Amino acid sequence: MKWFGVLALVALSECLVTIPLTRIKSIRENLREKDRLKDYLEKHPYNLAYKFLESGDPDPGIHYEPMRNYLDLAYVGTISIGTPPQEFKVIFDTGSTDLWVPSIYCSSPACTNHNVFNPLLSSTFRISGRPIHLQYGSGRMSGFLAYDTVRFGGLVDESQAFGLSLREPGKFMEYAVFDGILGLGYPSLGLGGTIPVFDNLWRQGLISEELFAFYLSKKEEEGSVVMFGGVDHSYYSGDLNWVPVSRPFYWQLSMDSISMNGVVIACDGGCEAIIDTGTSLLIGPSDIVFNIQKIINANQSYSGEYIIDCDGVNTLPDIVFTINGINYPVPASAYIREGHQGTCYSNFDEGRGGSFLSDSWILGDVFLRLYFTVFDRANNTIGLAPAV
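Numbers -15 to -1, 1 to 373, taken from mature numbering (1 follows the signal peptide of the UniProt record, and there is no 0), label the letters of the sequence shown in order.
What the hints contain is simulated information worked out from the structure, not anything from laboratory work. Among the hints, a few may not be true.
Stated by the list, open to error - So the derived label-pair ranges between C-beta atoms look like this:
1) P229 to I89: 43 to 51 angstroms
2) R188 to I112: 29 to 37 angstroms
3) N103 to Y287: 37 to 45 angstroms
Since the model is a prediction, treat every value here as computed from it, not as a measurement. Beta carbons: idealized from backbone N, C-alpha and C, even for Gly.
Let the hints inform the model, and build the full structure from the sequences given.
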């Protein structure tokens, strides 16, 4: 079953929203209060909290928001909106820009399965009333714009614009492991006339550097984190390789080639790639992806997914993505995933999001689990280094 495909946002109307953020206690704080911190750290020695214990308190200039890894298919963090705070699970999505959550006025089945925001319970809520319609690769929502306080990672973002859903049609949203989406793309990708969350954080002086970064865990539920306002060097090895953003809309860069055993198998002569934390797979043009599926001996099933012999994990070579002259190998253990009952699947998929793809690629979580990624708005660059 395909969970994420492409979470590439298309803003279909212009609206304005403002959100104030409420402070959420960290995992460390909650465990300390319950006198369970030491026991937790001993059982989970490689998670974020353990790093803090070993190195002292984290850099005060960096704001950490932990994320839960759902079966390597989605990474979900917790934010709150309103006064007093109402909590929501969201995807921190670099492939879109706007923030939205379900509302109590939503009539779709999806909203009955998720946390919903009640404006009547928030003393800081302000309504805009402007209608919004957001389309993603795997779902869509329609609703209205509002303002309130949003909190996450110790940050309090006041008067932040956000969307409240009235309708979330389709099964994808109904069974999603998250309530809403917090976009971290460029403002030009978002709703016209609004200030996105990250831009509001910077304008309000809440972060010391105009950047954020992602570390995505492999298989482990705990340990994933998005950090704002600085870079924690303990999450990667070597030096960050900086790549210019080729178009400040998505987090998009120019890629040199995709190769296997030194032979170019895609992106011959160069192509564009979008770095997208809201997409779980490696997405490319359909004809090129079809050819890669043949190369790795993946066969399409009745459900449309590509099944591959699990022994391929041990026999197939790396697929190398070359970006700005630097090779980024993706081993078979990453581009092949194990499903139920010993069946394995290809982590390559074809783009179905419309003409914006053309010859472009989307490098989703399959790639980002291997490479710690920094998104630098001040310099319009993306930093990449091997994740530890």
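Hints, verified against the model:
{"no.": "1", "hint": "P229 to I89: 43 to 51 angstroms", "result": "44 angstroms, holds"}
{"no.": "2", "hint": "R188 to I112: 29 to 37 angstroms", "result": "22 angstroms, violated"}
{"no.": "3", "hint": "N103 to Y287: 37 to 45 angstroms", "result": "43 angstroms, holds"}
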